[in-house]
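Q: Take a look at the letters that make up each chain.
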Amino acid sequence: MPQLDFDIITLGHGSGGTLTAQLLDTGVFRLLGNELLDKKHDGAIFNLEGRVAMSTDTYVVSPIFFPGGNIGDLAVNGTVNDLAMCGAAAKYLSLGFVLEEGLKMEEFWDILVTIKSACEIAGVQVVTGDTKVVEKGKGDKIFINTTGIGTVHPDANIDIDRVKSGDKIILSGPLARHGITIMSQRRGLEFETSITSDTRPLNKIVNELLDEFGNYIHLCRDPTRGGIATVLNEIAKDATVGIDVAQKNINVEEEVHGACEMLGLDPLYVANEGLFMSVVDATVADAFLQKLQQWEHGSMAAIIGNVVTEHPNQVILNSNVGGRRVINRLTGEQLPRIC
Amino acid sequence: MKYLSEFRSPELVEALLTEIKQSVTRNWNIMEVCGGQTHSLVKNGILNLLPSQIQMIHGPGCPVCVTPVSLIDKAVHLAMECNVILCSFGDMIRVPGSGMSLLEAKARGADVRILYSPLEAVKIAKENPNREVVFFAVGFETTAPANALSVIHASREAVTNYSILASHVLVPPAIEAVMNDALSNVDGFLGAGHVCAIMGMHEYYPLVEKYKMPIVITGFEPVDLLEGILMTVKQLEAGEAKVENQYARIVTEEGNIKAQEIIYEVFEVTDRLWRGMEIIPMSGYKVKGAYREFDAEKKFNINIEEAPENPECLAGEIMKGIKKPFECQHFGKRCKPSSPLGAPMVSSEGACAAYYHYSAYAEQVTSP
Chain A
1 MPQLDFDIIT LGHGSGGTLT AQLLDTGVFR LLGNELLDKK HDGAIFNLEG RVAMSTDTYV
61 VSPIFFPGGN IGDLAVNGTV NDLAMCGAAA KYLSLGFVLE EGLKMEEFWD ILVTIKSACE
121 IAGVQVVTGD TKVVEKGKGD KIFINTTGIG TVHPDANIDI DRVKSGDKII LSGPLARHGI
181 TIMSQRRGLE FETSITSDTR PLNKIVNELL DEFGNYIHLC RDPTRGGIAT VLNEIAKDAT
241 VGIDVAQKNI NVEEEVHGAC EMLGLDPLYV ANEGLFMSVV DATVADAFLQ KLQQWEHGSM
301 AAIIGNVVTE HPNQVILNSN VGGRRVINRL TGEQLPRIC
Chain B
1 MKYLSEFRSP ELVEALLTEI KQSVTRNWNI MEVCGGQTHS LVKNGILNLL PSQIQMIHGP
61 GCPVCVTPVS LIDKAVHLAM ECNVILCSFG DMIRVPGSGM SLLEAKARGA DVRILYSPLE
121 AVKIAKENPN REVVFFAVGF ETTAPANALS VIHASREAVT NYSILASHVL VPPAIEAVMN
181 DALSNVDGFL GAGHVCAIMG MHEYYPLVEK YKMPIVITGF EPVDLLEGIL MTVKQLEAGE
241 AKVENQYARI VTEEGNIKAQ EIIYEVFEVT DRLWRGMEII PMSGYKVKGA YREFDAEKKF
301 NINIEEAPEN PECLAGEIMK GIKKPFECQH FGKRCKPSSP LGAPMVSSEG ACAAYYHYSA
361 YAEQVTSP
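Keeping their order, the protein sequence lines are chains A and B. Position one of the first sequence corresponds to residue 1 (my numbering), numbered consecutively onward. Position one of the second sequence corresponds to residue 1 (my numbering), numbered consecutively onward.
Hints should not be assumed to be uniformly reliable.
[Unchecked claim] Think about it this way: if two alpha-carbon atoms lie no more than 25 Å apart in a straight line, the pair counts; the simulated BS3-like pairs of lysine-lysine are: (1) A:K248 x B:K43; (2) B:K106 x A:K138; (3) A:K237 x B:K336; (4) B:K333 x A:K237.
Since the hints were made in silico from the structure, they are not lab data. Predicted model, so just to flag it, every value in this text is computed and none were measured.
Given these sequences and hints, build the entire structure.
A: Spelled out as structure tokens, the structure:
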């Protein structure tokens with residue numbers, strides 16, 4: 001961290017004056033600088049060839065630091081992954097901060113360092129941005145917005161309308177790690193756990209899968225907020241298909257499972273960050289799974305279900321004990337139960 | 001989890017289902033009293049595995065559902081009008097009162113906090129000596145010891161800005177209300193295992209003796225529930241009525257004596273209104289006189305008129321097992337978890353909400 005004559009963010013840092021310049025020069029530009037950002041223009045000017053995808057998301061996580069990451073890498077990976085789900089390789093990012101008066105400069109610095117590292121790992125550059133400061137009590141330390149832009153893989157043909165009966169649904173790993181990690185850090189609920197967030201960029205693995213399976217990949221989604229239950233329901237309704245999933249193939253790590261049991265949460269609805277779901281043509285499903293399982297985070301990847309013509313708009317779970325039931329959308333936030 | 005997985009074993013489930021099918025010779029209606037059991041039956045798809053002669057009836061055992069509208073109105077009033085820090089368990093804050101839920105009150109600026117333990121509320125009171133802190137103490141016998149303990153702690157540490165809005169309900173009087181109801185056609189009961197872990201088994205003997213209906217104290221996993229059903233069916237087929245304990249790994253005859261002592265230190269039994277039902281005699285806890293300064297109702301002297309239930313809701317009939325959720329014309333249409341007409345749809349453990357979330361029927365009626 002640089003030697004600064006301030007240790008907390010003040011309203012002056014959002015004034016656009018000297019303090020703002022000092023904050024940006026010693027922080028953001030120093031760490032994230034590149035040819036485009038260094039021009040300090042109102043916007044970034046660049047060329048992109050072929051089909052282009054764009055996505056934006058705003059990150060408001062609390063606490064801002066958690067095992068396995070912080071709001072910084074979440075904001076980079078989240079948007080990189082949203083683009084990856086479109087079959088696009090993120091190239092440039094915008095980075096918007098809303099800082100709360102009183103935020104420790106040390107914390108802001110740690111977040112910036114994480115952003116820099118996440119950008120390097122994902123192969124993206126921050127090329128434009130914005131910083132605002134709000135009064136104490138009007139924010140939650142820091143909010144981050146990232147918008148990403150990137151080119152779509154030439155063989156990608158990812159579209160909800162291509163989901164058809166007979167397709168296989170493949171999940172890249174175990175569920176619910178991010179949501180449970182955040183929950184374990186919440187005030188009043190802190191519990192000892194070795195669970196860490198699964199935040200990570202997915203662009204490289206998705207790109208490799210597209211290189212090999214291209215047009216056979218019908219859909220990709222990352223089940224963040226709302227978990228896989230929400231994504232499965234969106235697919236069933238938007239594609240007007242039925243979905244059958246097998247509970248025994250949905251992997252949940254033992255410790256995550258235990259935490260869900262304790263809190264009365266259904267892991268199907270808990271948030272993930274570095275997980276993705278693909279709907280692929282049945283002819284490539286086994287090969288796709290094998291490829292995914294060779295990925296460093298893919299050892300627990302599995303084919304969890306099928307797209308079917310029966311029960312359109314509905315997701316049915318075949319339970320471990322042989323029963324069948326609907327997986328429905330969640331109403332509001334999932335809250336720990338009373339008893 | 002390995003311990004738990006035994007109680008989810010597909011092989012054991014299969015064997016129990018076979019034995020249940022072999023044991024049944026006629027139709028039986030069995031009520032699982034607890035919402036957690038309803039939840040597990042529906043979530044694991046067990047209802048459609050049972051032979052058609054066995055009808056599971058879903059009882060009133062969801063503490064969030066049965067909390068009366070007027071108590072929620074009181075909590076909202078405390079949060080909105082009295083500038084208190086209103087603390088509650090998570091699933092209570094979505095339940096609608098006659099005007100709004102605590103979640104809406106929070107959105108309108110009230111200081112409503114979701115806690116996981118009432119002791120945390122005492123801590124908040126100590127950290128905020130200039131504010132009153134009220135914990136909305138809801139639940140069956142399971143949450144009563146922790147809620148009582150928070151009062152004992154506050155009393156010992158002379159925390160004078162802490163109180164509880166007590167809304168405790170008790171299981172045995174609810175079972176008796178169902179047994180007593182002329183329209184109810186329940187033949188036997190699965191007792192709530194976690195309630196008995198605290199209270200023991202003794203409260204059930206006089207009920208079984210008086211009404212000649214079996215009660216099998218049962219756990220929450222698929223194997224627990226099927227074993228409990230099998231034990232009930234065997235009693236019914238043999239014309240017996242006994243209290244049996246399927247959940248012996250957790251429940252003992254006398255229960256948790258220490259927890260009971262804590263409960264009776266702070267609470268005394270009182271008549272209690274159940275949302276969607278009626279006043280059930282001696283079916284709840286209120287704060288004892290010695291701890292009256294920790295009773296929010298007395299401390300704030302709230303005058304809230306009793307709000308009527310929505311007359312279109314069949315809550316009473318659903319919770320006594322007279323009707324199934326999908327027999328209500330509003331189920332999944334006007335009445336959904338996002339806009340509940342009444343008690344059984346308000347919390348995820350209510351019978352209607354369980355059917356809505358997990359049952360294919362819910363989707364059939366909601367799809368265009």
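Q: Checking each numbered hint in turn, tell me which of them this model violates, lowest number first.
A: none
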